[in-house]
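Can you build the whole structure from these sequences, using the hints too?
Here's the letter readout for the chains.
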Amino acid sequence: MVLDYLELRRRTQDRDKSLREKVMNLEEAANLVSDGDHIALGGSTASRTSFALLWSLIRAKKKFLTFSRSIVSTEGDLIFASGIGKEIQTSWFSQGIVWGVSRVMRHFTENNLATYKEWSHMSMGLRYRAGAMGVPFMPMRSMMGSDVAGRLENLKEMICPFTGEKILLVPALNPDVALIHVQRCDSFGNAQLDGLTFMDIDMAMAANRVILTTERIISNDQIRRSPDLTKIPFFTVDGVVEVPYGCVPHECYGVYEPFFPHMDYYAELTRKDPMKGVKEYLDRFYYSPKNWNEYLALIGIDEIFGATQRGRSIYDD
Amino acid sequence: MVLDYLELRRRTQDRDKSLREKVMNLEEAANLVSDGDHIALGGSTASRTSFALLWSLIRAKKKFLTFSRSIVSTEGDLIFASGIGKEIQTSWFSQGIVWGVSRVMRHFTENNLATYKEWSHMSMGLRYRAGAMGVPFMPMRSMMGSDVAGRLENLKEMICPFTGEKILLVPALNPDVALIHVQRCDSFGNAQLDGLTFMDIDMAMAANRVILTTERIISNDQIRRSPDLTKIPFFTVDGVVEVPYGCVPHECYGVYEPFFPHMDYYAELTRKDPMKGVKEYLDRFYYSPKNWNEYLALIGIDEIFGATQRGRSIYDD
Amino acid sequence: MTIKADSFTSSELLCIMSARALKDGQVVFAGVGIPLLAATLAQRLHAPGLTILFEGGTIGPHIVPGELPPTTNEQRCTRKANMLVSITEVLLLLQRGYVDIGFMGGAQIDKFGNLNSSFIGNVENPSVRLPGTGGGNDIASLSKMIVAMPQEKRRFVDKVDFITSPGYLNGGSTRKDSGLISGGMYRIVTDLAILGFDENGRMQVEALHPGITTDQVKENTGFELKIDENISRTDPPTEGELSALRILDPDKVYIA
Amino acid sequence: MTIKADSFTSSELLCIMSARALKDGQVVFAGVGIPLLAATLAQRLHAPGLTILFEGGTIGPHIVPGELPPTTNEQRCTRKANMLVSITEVLLLLQRGYVDIGFMGGAQIDKFGNLNSSFIGNVENPSVRLPGTGGGNDIASLSKMIVAMPQEKRRFVDKVDFITSPGYLNGGSTRKDSGLISGGMYRIVTDLAILGFDENGRMQVEALHPGITTDQVKENTGFELKIDENISRTDPPTEGELSALRILDPDKVYIA
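Residue numbers (our numbering), protein chains in the order written: chain A, 1 to 317; chain B, 1001 to 1317; chain C, 2001 to 2256; chain D, 3001 to 3256.
You can trust all of the hints, since none of them are fake.
Quick look at which bits of chain C chain A covers, simulated, 3 or more residues with Cβ under 8 Å:
#1 2016-2027
#2 2048-2060
#3 2068-2081
#4 2087-2101
Computed from the model, here is a short list of chain B residues facing chain A with C-beta under 8 Å:
#5 VAL1002
#6 ASP1004
#7 TYR1005
#8 GLY1134
#9 PRO1136
#10 PRO1139
#11 MET1140
#12 CYS1160
#13 PHE1162
#14 THR1163
#15 ARG1225
#16 ASP1228
#17 ASP1317
No lab work stands behind these hints, which were simulated from the structure alone. None of the values given here were measured: they were computed from a predicted structure. In this text, a Cβ means the ideal position worked out from N, Cα and C, and glycines have one as well.
In structure tokens, the structure reads:
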């Protein structure tokens, strides 16, 4: 469903775009998300997943959320299994090719307990981009003729008035909320991202609310000293939460790599009896810890040091 | 005229996209430009204008070139007056607001000796972007109803199939050549740009050939140590020319500011008798110097030091 | 205390009066010249949290006094900025709806707020070819507009020779019908008055500057202008405003 | 010297045979798994100037031996890269035409080269819901394709259950007619043979791997496959190829 332009403008107009402090904790950030929202997740697969915020949304027992992302990994299993969301729009969904097909995803989709709407990877990116640009669609040249397109109700084909070629139009996506984890940002929400940015920039510009989790909060002076390093502007941001290791067990570029032993453990745990396994996982790592640091402690300092050592190594070349 | 997709693909396919040395001098770079080409100029107004290359194109007596740029300053006067080009597509054309309306531009356009095709600034940007994305058009929401749109033959209006809103489609622009000046690049053409990037990235991706002039050539190792700082990828680039002060008398962000006294001198020289003035300017600064350094010497060391001091100051904050 | 109306230039008056129209916390897309200067002045006075956007790709800068950029595409525009983006990206912020106010100067305007900065006289054979739209067309197409320009008969015409930047086109619903369903002219700030627009998109006087008579306004306007009998008046520039302004532009680049 | 066919795994054979299909100086868009490994192998052997693109946004990296990324979206993919861009930008390189070869793996393929990585069985009520397309659909829609996959009857079917990544659709002009006017399947590299496509987009055998019989190929294919009598044969993997490959993947992440 494409937002009509005046409605999109109204929602943006109503936002407080002033340069203001937005630092809050995970619980406060979770309150910025309403049941029924469409939530876009930054990062891709096992990289820069805003896990700390997802963790707090699951603990807050949110309902009827729709999620979209470039590529969905284990967070998709947890979204379905925790019951906070019943629909995910993405291009690929499983922990990662080396771990095989997600048994939890299979359980929910094969039994029609939840919906995985499959879009081509580029079409997901262009939907966010159209939303970011304030236009109702983007033209593209892939997907035509495939069953991926055939199964999506919200696509239009047109004949290009300039060239006479057949062109596919994909609908703009303006998420209610985007959850994005970054390496650094200031307390106003000006964010610097290192390495791979995935679809995060378009996502932030397209969304009607943005919540940043960040490894570090830096001063606005530091931002203003190299404004060409800012990738997300403060006025798109509604909440800033400082959460070191906020992507665990996934990667944060240049800070820590994925927590591979933990991801192997999860894959093993959900292999035989997916639902029993994922419930056990949620109970142990999501519902019982008092806070995020206790969650990290459960995963263990050995894994944290190992992933951090590998993460920093990118700068050793 | 929008390139048909198969023709665009063919031209791109035919290019040598391998990782190879591309360092050459200004004269060799000028040979990469053929009479009749459409040339996109990087930078905007008095910033990062690829003046050294333009200078060599004028000295090489190129003919029938069409130019496009975000905003055109004095280089437009020189394109018309030197006779290398008779059409410029841009959104604004004069040296700069503080110097008033260009008398040279007025002479050529008011007497129908040359064509200035006026597009809105965003539409120029979206034309390059469509070209960069490999689609025949971009949708946009401005320009409709104005005489700017009314005077352009190559625009289409459509009713959005998703929202029923009226949308304007602007045609893709894939220049034959893009001339872009950067602060740093390696000998393969991987370029790092500081500060304002204007429309240069989309321009480089859209063009069928790219010629870079650069303040410095750095090693590929240095590029590979921070790949997230690369803004233009090597395989789009066909020529790399190391030309310190290659934008004089315009600005190169963080290196030198515009050469204001020289620009005042030019404005004064072309105020009373534009054609006599611009001819004198071309003779003195374009046709007589033996090489680019002699051109710089003519402008003078005082101006060079002054502009450099002001240019570096951006990093003093 | 306030000071005599002859102790400041009309450009200074334009700057101060239009700076007052900007509110703290707004995002304003400012053109070069008076708008750049007035937005910076507002930032220094009543609107410290004003976010200024420049066409060159600058988001939230702090212009340095005495180092006013001659265009919006130079490094001087980027001092202490929060972010730099491409020209296309910064213009797209207008389309996305992140801009509260579009703020630009004007060469020629008509009774429906249409601006001309392209041609004087016949388009095919003009007496003057002006520089053109720049981002003006995009800003006026997509945002709520404030225009600052001197009020003269030759500048305030019944119908512009060429619509470079759309106001209300031919009035009524013609702007919306053309596809421009958002934004539109809000205020025209001149050296004589503050002008606005009625429900049909026709220009009208909102307030007169100190010491200005309704006749003066009419004499300097090329079309009939509605002026209420008991029209309100603007407060004269204060010393604080004038001194702050002169600190920003000591070389009188824009306030000469 | 060459070595016995039982001294390498079928994954190793897949890697080496598909690596050979890549030429120096090409730009190849490589998927995770065998393609990533094979492209890196080609870079180490005959194609040092090969530019590899990864879906995560990496342009021209050098993968570090023993540090193979489990996906194409991690920092391991970016080692010594020339440039990093967004996912959308790297995929747009396919559309812009900068990619010479699209290179991916496959779960199920049919006689017209259509790939299925979405559903096994009935789409509304599948026996297996697979992970989906990722960039596969975009790569196959927009580029000249090499696919590396093991040849088995259940994988090489007459008609895929679901067209995730388009080959020649129903053959003939159906791909072009659908709007996909560029790209298309070029080579399918299996552990038994190198397959290509005829002018109607139907799969055919181009060459058999050492020691493989035509019957073996037919037995492992779910549809009729054209095989020329005097079909050519590929050269067996060399020690150099095998040792280079095993250095890249010492933990046998992909070549097990």
